[in-house]
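Asker: Okay, here's what each chain looks like letter by letter:
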Amino acid sequence: MAFIELKNVSKRYGKRLAVVDFTLHIDEGERVVLLGPSGCGKTTVLRLMAGLMAPYSGSIYLYGELASTDGKVLMQPESRHIGMVFQDLALWPHLTVKGNLEFVLKAKGVPRSERERRISEMLSLVSMEEFAYVKPTRLSGGQQQRVALARALISHPRILLMDEPLSNLDFELNLRLRRQIIRLQNRIGFTLIYVTHDREEAYDIGTRIVIMRNGRIAMVGSADDAEAYFSRLYSEIDDA
Amino acid sequence: MGKRLAFWLVVAVLSAAGLLPILYMLWRSVWIDGHLSLSYYISLLSSDRTWALLAHSIALATLTTISSTLIGIPLGILLAKTDLPFRKALAVTLTLPLLIPPYINALSWFYILGRDGVIAKLVGSAVSNITSELYFGLGGSTFVLTITFMPVVMLLTMAYLGTINPELEEVGRLFSRWTTVLARITVPMILPGISLAAMLVFLLAMGEFGVPSFLRYDVFPVESFTQFSAFYNFGAATAAAVPLAVITAILISLEWIFARERTYRLKTASDSGFLRIELKRWRHPIFIVILIFAFTTVIFPLTVLVTRSMTPNAYREALSIAHDSLLRSIVYAIIGATLLVGIGFLLGYFIHKREFSLWRALDLLSIFLFALPGTVIGVGLIGLWNRPSTDLIYTTPVIILMGYLAKYTALTSRITVSTLVQIPPSMEESARLAGVSWLNRIMQVVVPLSKPGILVAWIVGFIFCLRDLGITIMVYPPGHDTFTVRTFTLMANGSPQLIAALSVMMVAAVIIVMGTGWAAVHILRRK
Amino acid sequence: MKKWIWVLILVVVVGAFLLWRFYGGRGENVVVVYVSEDRVFSEPILRDFERETGIKVKAIYDTEEAKSTGVMNRLIAEKDNPQADVYWANEPIRAEVLKQKGITTPYISPNADGIPDVFKDPQGYWTGFSARARVLIVNTRVHDMPSSIMAFVDPQWKGKAVIANPLFGTTTVHIAALFVLWGDDSAKKFMEAMKENGVKTSTSNGESADLVASGEFDFSLVDNDDAVNRMRQGQPVKMVFPDQGENGIGCLLLPNAVMLIKGAPHPSNGKKLIDYLLSKEAERKLAFADCAQIPLHPGVEMPPELKDISQIKTMEIDYPAVAKKLVEIQPFLKEWVGY
Chain A
0 MAFIELKNVS KRYGKRLAVV DFTLHIDEGE RVVLLGPSGC GKTTVLRLMA
50 GLMAPYSGSI YLYGELASTD GKVLMQPESR HIGMVFQDLA LWPHLTVKGN
100 LEFVLKAKGV PRSERERRIS EMLSLVSMEE FAYVKPTRLS GGQQQRVALA
150 RALISHPRIL LMDEPLSNLD FELNLRLRRQ IIRLQNRIGF TLIYVTHDRE
200 EAYDIGTRIV IMRNGRIAMV GSADDAEAYF SRLYSEIDDA
Chain B
0 MGKRLAFWLV VAVLSAAGLL PILYMLWRSV WIDGHLSLSY YISLLSSDRT
50 WALLAHSIAL ATLTTISSTL IGIPLGILLA KTDLPFRKAL AVTLTLPLLI
100 PPYINALSWF YILGRDGVIA KLVGSAVSNI TSELYFGLGG STFVLTITFM
150 PVVMLLTMAY LGTINPELEE VGRLFSRWTT VLARITVPMI LPGISLAAML
200 VFLLAMGEFG VPSFLRYDVF PVESFTQFSA FYNFGAATAA AVPLAVITAI
250 LISLEWIFAR ERTYRLKTAS DSGFLRIELK RWRHPIFIVI LIFAFTTVIF
300 PLTVLVTRSM TPNAYREALS IAHDSLLRSI VYAIIGATLL VGIGFLLGYF
350 IHKREFSLWR ALDLLSIFLF ALPGTVIGVG LIGLWNRPST DLIYTTPVII
400 LMGYLAKYTA LTSRITVSTL VQIPPSMEES ARLAGVSWLN RIMQVVVPLS
450 KPGILVAWIV GFIFCLRDLG ITIMVYPPGH DTFTVRTFTL MANGSPQLIA
500 ALSVMMVAAV IIVMGTGWAA VHILRRK
Chain C
0 MKKWIWVLIL VVVVGAFLLW RFYGGRGENV VVVYVSEDRV FSEPILRDFE
50 RETGIKVKAI YDTEEAKSTG VMNRLIAEKD NPQADVYWAN EPIRAEVLKQ
100 KGITTPYISP NADGIPDVFK DPQGYWTGFS ARARVLIVNT RVHDMPSSIM
150 AFVDPQWKGK AVIANPLFGT TTVHIAALFV LWGDDSAKKF MEAMKENGVK
200 TSTSNGESAD LVASGEFDFS LVDNDDAVNR MRQGQPVKMV FPDQGENGIG
250 CLLLPNAVML IKGAPHPSNG KKLIDYLLSK EAERKLAFAD CAQIPLHPGV
300 EMPPELKDIS QIKTMEIDYP AVAKKLVEIQ PFLKEWVGY
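Chains as they are written, first to last, in numbering that gives the first Met the number 0: chain A, 0 to 239; chain B, 0 to 526; chain C, 0 to 338.
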C-alpha cells in the first residue's frame, strides 16, 4: 500500500492543461521535491494532493484510500491530515503568532491546556517563543517563514506540503531554514512534498527529485539522476 | 451553517424580494382577462410616442454617461494618483450629490436657475428667464444627473487605481513620461472599472424618474408611470417597463462579455506601494480648478438650500412635522444596511469564488434589480406579499426591507467582490486545511480581513436605504413613512422654507453618517 | 459556533414579536386612510380627527402634483387584501375609476345632507366635499375684466393669455369636462382657436398665476387657491368666477371625494372618519387653509376671497363621462401641446 499515490492525474483550467497524466508513488517518511520552471504545474499538483481542487481525470489515493477522482473530491481537505505552507505563507494578519497556531488547534477541538502545551512546544521547536504575542506583519521574512512552518505542523499532520516557501529569502537564510526543515522532518517523521524551482535547494532537501515540464513528469530519481538529466538537457540546447 | 445553506439563503432572499415580484408583474402583463395576450406589448411598440420617449431616455442617459465619464475619470485620477492637496476632502465633497436624493439636487438648482432664483436676484430676470428655459428640459436634466452620478465614475476610477500593481507602472516610467504611462498603461488597465462605472451611470440615468419629471423632460419611465398613475393598468405599466429591462439586460451582458474577462494581475494585500504622480508647478492651478468645480456644483447649491431654509420657524416646524419619520428612516436604514451587508457579503463571496453554477445568474439578477425602476419592484412586492397569510410581512416594515434588499444588494455584493479580490485565497485555504469549518473560516478569517470593505459596504447600504424613495413610497405601512417620503409628500404646496429645511436635514443626516463612517474606516485602517 | 445560531434565532423571534406587537393587531382603535389631497392640507384635519375621537389615524400620503404613482396603485394592487379603510381623493375622477374597478363600497353619510347632488355619487360610492374652483386670475391693471373662458379665443386678448400644460393636473380635467359639455368637435375647435389666438402654455397652474401676477400675461385659468394665495400676499391680481351669466356654462368645481373601501379592516372607524371629513367644521378648516377650498355645505363660514356655494353657478358635469373622456383625449392633447 502506497502512502500517497497519484494515478494518471490530469487537471485543466478552461482549455489549458496544467497537469497531464501524472503518476507517482510516495512512501511514508520520504522527502519528495517537485522541481521545475514556474508554470509547469508543480503548485497544481500540491493543491490536488491537498484536495483544494479536484482532478479533471485520474485518481489520488492517500493512506490506501481513494481521496479524489475524476472531478470529485472524496476526502475533504480537512480530513486528509495534511499541513501546508503556502508560497505567500498565508499567515492571518489579524491574529498574533500564537493566535495563528491556536486557531488551527481550536478547529481540531484540542482542549485548552493541551493547546497551550503544544503551542509552546512548537514555538520552541522553531525558536519563536518570544514572538508569541506579535502580529505576523511585524516579523521579518525568515521569522514569518518559521511561524508558517509551525502553524502547518501544529496539528501533527502526516504529510507536509510546501510551495516554494523559501523563494523570497536571501541565500544564507534560505540555507539555514532548509537545514531546520530537514531537522524537523527527521525528528517528527512527517512525509514532505516540497515544491521549488531552485536546483540546489531541491538536491539539498529531496530524498527523491521529480522534475516537471509542461505539466508532465520529465524524470524521477536521485539528485545525481537529476543532475544527469540537466546536463543532457543543456547539451541538447547547445547542439540546437 | 454550511456553505450550501448560506447559498440557498441568498437565493431565497433575492427570490422573495426581487425575482418573484418581477415574475409576478411579467405574468400580469401577458395574462389579460383570463388568457395569454401580448396586446399591451403590441400597442406599446406600435405607438410613435414609445419610440420618441425611448429616444429621449437614451439621449439623456448617453449624454449623462459621456459627461460623467469625461469629468469623472480625470477627477478620479487627479484625486487618487497625484499629490494634490486636500484630496480626500475634495473627493468626499464631490461625492455628496450622489448621496442626496436626486430630486433635492434638482430642487436646489431650481432655486438658483429658476425664474425666482439666485440668478434672477443677482443678474436680473432677463438672464434668469434664459437659464430657466435651459434648465427645464434635456439640458437641465443632463446637468443635474451628471452632477449626481459623476461620483460613481470618480469613485470607481479611484478604487480601481488602488488595485493596480505598481510595478506595471514603474516599468513604464523607466522610459516615458507620466502622461504617457497614464494613457497607455494605467487607464487601459482600469478599463473594466471604467466600463462598469459608465454602465451604472447609464442605467441609473435611464431609470431616474424624479429629476426629468421635475424638469419636464419626458422620458421613458414616465410612460410606465403614466400607465400606473393615469390609467391604473399594472399589466400595461409592466409592459412599458420591459424595454428598460431589455436595455438593462443587453448592457449588462455586453459588460460581461467585454470587460469581465480581461483581468490583470492586481495588487494583493501583501504587495505594497502605490505610485503617486507629482504635479509640480501644475499642483496649485489644478487644485484651484477642482476647488472651483466643487464649489459651483456642490457647495453653492447646498448653500442656497441652507439659505432658503434659514427662517426662524422652518426648522422647528420641520422637526415637529418630521422627527418621527427621521427616526424611522435611520432605524430602517441601519437594519437595511446590516441585512444588505449580510446578504451582499455572501453573494459577493460566491461570485468571487465562482461557486455553485447559479452564481452568475444571481449576479445578473442583482444588477438587473438595481437598474429596474423602484416602483416596478414596489408594485410586484404588493402583488406578491399582500395576502392575509403574509400580513406580518406586508403590514410591517419588513416589506420595506425586502425592497431595499431587492434593489441594493448589487451594491454591497460588488463592494464585497472588490474587497475579496485583494485577499489572497491562501488565507482561507490554509484555514480549510487546518480543518476550520466554512462558517468559522468566514467569520474568523475572511470577515476580519475584509473589515474596511465591509464597513464601506455598510455605509453605502445605509445611505442608499436612507435616500430611497421609489420603493418605500410604494410599500410603506400606513402611518410609518420614512423621511424621504414625508419630504416628498410635503413638497406639494408645502412652504419652500419648510421643504428646504427638510432637505437640509436630509443632507445633514447623510453627512453625519458619512463623517462617522469615514472616521471609523480610518481608525480600522490604522489598526 | 452554535452560539451564533442561537443568537440569530433569538433576534428573529424577538423581531417577529415586536413586529406583531407594534404593527399587527387589526382590532386596535385605528383607521387607515390613503390620501391624495396634498399632505400640508390634509394632515392637520386628520390630526384634529385623532384628537377629537381618540381614534389613531394611520395615513399614506400621495401627491398629484408630483405625479407619483402612490396610493391609487396601492389601492388597486391591494384589492384582494385591502389595508385601507378610507380613501380621500383630491378629485372625483379617481373615485369613479375605483368605483368601476370594484374597490369601493357604498356609504351614505348623514353629514352628506346639504351637499348638492351633483357632487355625490347617487349610490353613495363616493361623496364630494370642499371643492377647488377653476377660476380666471387677472392682473389688476386690466380694466376690461374677462368674465368667461371664451376670453381665451377673443382677439381682444391675442397673445395675452396663458394656460398650464393641459396634459397635467386639473387643467386636463377642465378640458375633458369641456369636451363632454360641448361635444368633441366644438371642443377641438375651441382648442385650435386658443392656439391661433396665441395662448401660451406654462408648466403648472402656479407658474401661470405667477406670470399673470408679474404682468407678463393679462390672465390665466387656474385653481382658486393659486389666485387666493397671491391675493393674500398682496400681489396685483384679482379672481373671477367665470361664465356666471344667465346662459353661461358655469364655473367648474372639483371637489375632494371620500369613499369607503370594500373589505375595509376597520369599517366603523372608517365611517366615522368619512362623517368627520364631510362635516361643516372640516370644510370650514379647508376654506381657511392655504388651499382655500370652497365648502359645499351652504352657510359655512369662509374667508372673504371665497364665495358661498349657493352664490356660484356651477358647471353641470357628469363625472363618469369626464373620467372616460380624460383617457380618450390624451392623444389629441399631446398633439396639441406639440409632443
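Bear in mind the hints are in silico, worked out from the structure with no lab data behind them.
Hints are supplied without guarantee of correctness; some may be wrong.
Pairs of lysine-lysine, DSBU-like flavour, derived with a Cα cap of 35 Å [to be verified]:
1. C:K188 - C:K261
2. A:K71 - C:K237
3. C:K194 - B:K120
4. B:K352 - A:K6
All figures in this text were calculated on a predicted structure; none of them were measured in a lab.
Asker: State for each hint whether it applies.
Answerer: Hint-by-hint comparison with the structure:
1. This hinted pair does not check out: K188 of chain C and K261 of chain C have alpha carbons roughly 42 Å apart, beyond 35 Å.
2. Proximity of K71 of chain A to K237 of chain C is assessed by CA-CA distance (about 86 Å); at most 35 Å being required, the pair is judged violated.
3. About 33 Å separates the Cα atoms of K194 of chain C and K120 of chain B, which keeps this hinted pair within 35 Å; it holds.
4. Straight-line distance between C-alpha atoms of K352 of chain B and K6 of chain A comes to about 28 Å, which keeps the hinted pair within the 35 Å bound.
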